Amino acid sequence: MLNYLWGFMIIIGIVVGVLNGNIGEISTASINSAKEAVSLCITMLGVMSLWTGIMQVAKSAGITDAFTKILRPLLRLLFPNLPKDHIVNEYIASNMIANILGLGWAATPMGLKAMNELKKLNPHGDTASCDMCTFLIINISSLQLIPVNIIAYRSQYGSVSPTEILGAALVSTTISTFAGIMFSMVARRLSKIN
Amino acid sequence: MQFLLYVSDYIIPFVIFYIVGFAILMKVPVFSEFTKGAEDGFKVVLNILPTLIGLMIAIGILRASGTLNLLGEFLKPVTTILHFPSELVPLVTVKLFSSSAATSLLLDIFKEYGPDSYLGRVSSIIMSCTETVFYTMSVYFMTAGVKKTRYTLAGALFATLTGIIASVVITNMVF
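Protein chains in written order, with the numbering used here: chain E, 1 to 194; chain S, 1 to 175.
Derived by calculation from the structure, the hints in this document are not laboratory data. Any given hint could be a false lead.
[What the hints assert, rightly or not] Short derived list, chain S residues pointing at chain E, Cβ under 10 Å: (1) Leu5; (2) Tyr10; (3) Phe34; (4) Ile61; (5) Gly72; (6) Glu73; (7) Ile125; (8) Met127; (9) Ala144; (10) Leu157; (11) Ile165; (12) Ile170.
Just so you know, these numbers come straight off a predicted model, no measurement behind them. Cβ coordinates follow ideal geometry from the N, Cα and C atoms, glycine included.
Given the sequences, and given the hints that come with them, work out the whole structure.
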């Protein structure tokens, strides 16, 4: 996907630049963007490490596990067909908690494990089960407590208050996840197969 | 809605206080755990650096050549009707496919208009409540060997669109 997108952006950019007579600016921009990416990553090293460090503390204090447990009753509501004590519940809960805490890289492996288990429980072969649809819709609607990356980017580009968007972002992300949950519940009701 | 700004100030200190405080009560060696976890942050950032360099160059070229401005002008008639800033259309479109490409566009907006501008704030909030719909679906469904995805795409797009509308409305209310 990115191979086409990237190639397309470079080619279009240079062609338009030549037509607009901006070829000198393109030359400067490509060098400067490369430098900028590196200095951005230096800022991100700091902010990201702060967050992963704090999350490691949370993990060893048992806080992430506790949240996973709290999520259990909610899972029963969202995935009524799943066997109650099946390991898949744990994978789904860990995936959701990792997403909420902004640990995307930790969320994906758990999510794929959950998907594998859902596949075993899916009687329809290559057609998605309702549980799969619900899981992915909620995953994509991405409830996130603190968007760590965005704060790092804002601070790198000279924001007076990089964190001022946190409250508004929390409300929007809650609304979008709520919309996803509502959609999944209604669609499950209306669908003929599970 | 002004209280959301106070909430913003409190979230990070509160989360850190809660986690560290609880960990001390649980007798966790907090500092050595912190440094252990901080190392993971390095790995995460190093993993995305090559992608970020490549994409920031591409966006830099698109901006310098005038392509992004052309695109904005081109979309203006439609987006004016929808009350949505035309500068953000590329951002929300690309976000459906690639998170890192969307990040590069977000940084371009920060550079052009500033992170504290209206556009900077809306795009920050949109980026924190949306996810790469097509990418995530293809990775997860490939794992499950699923070809017929039923209502997943509709639901994911519905949630994303709701998030985008909410971001614009809330930004107008808070700031």
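Going down the list of hints, with the structure as the test:
Proximity of leucine 5/S to chain E holds as hinted, the smallest CB-CB distance being about 6 Å (cut-off 10 Å). Checking tyrosine 10/S against chain E: minimum C-beta separation of about 9 Å stays under 10 Å; hint holds. The beta carbon of phenylalanine 34/S comes within 4 Å of a beta carbon in chain E, closer than 10 Å, and the hint placing it at the interface holds. Because the beta carbon of isoleucine 61/S sits about 4 Å from the nearest beta carbon in chain E, less than 10 Å, this interface hint is met.
Annotation: glycine 72/S was flagged as interfacial toward chain E, and the flag is violated, the nearest CB pair being 13 Å apart, outside 10 Å. Interface restraint check for glutamate 73/S: the shortest CB-CB distance to chain E comes to about 13 Å, outside 10 Å, so the restraint is violated. Evaluation of the isoleucine 125/S hint against chain E yields a held restraint, the C-beta minimum of about 5 Å falling below 10 Å. The criterion of a C-beta within 10 Å of any C-beta in chain E is met by methionine 127/S, whose closest approach is roughly 6 Å, and the hint holds.
This hint holds: alanine 144/S has a C-beta 4 Å from the nearest C-beta of chain E, less than the 10 Å allowed. Below 10 Å, beta-carbon pairs count as interface contacts, and leucine 157/S has one with chain E at about 9 Å; its hint therefore holds. This hint holds: isoleucine 165/S has a C-beta 9 Å from the nearest C-beta of chain E, less than the 10 Å allowed. Checking isoleucine 170/S against chain E: minimum C-beta separation of about 5 Å stays under 10 Å; hint holds.
When the structure is compared with the earlier hints, violations turn up for hints 5 and 6 and for no others.
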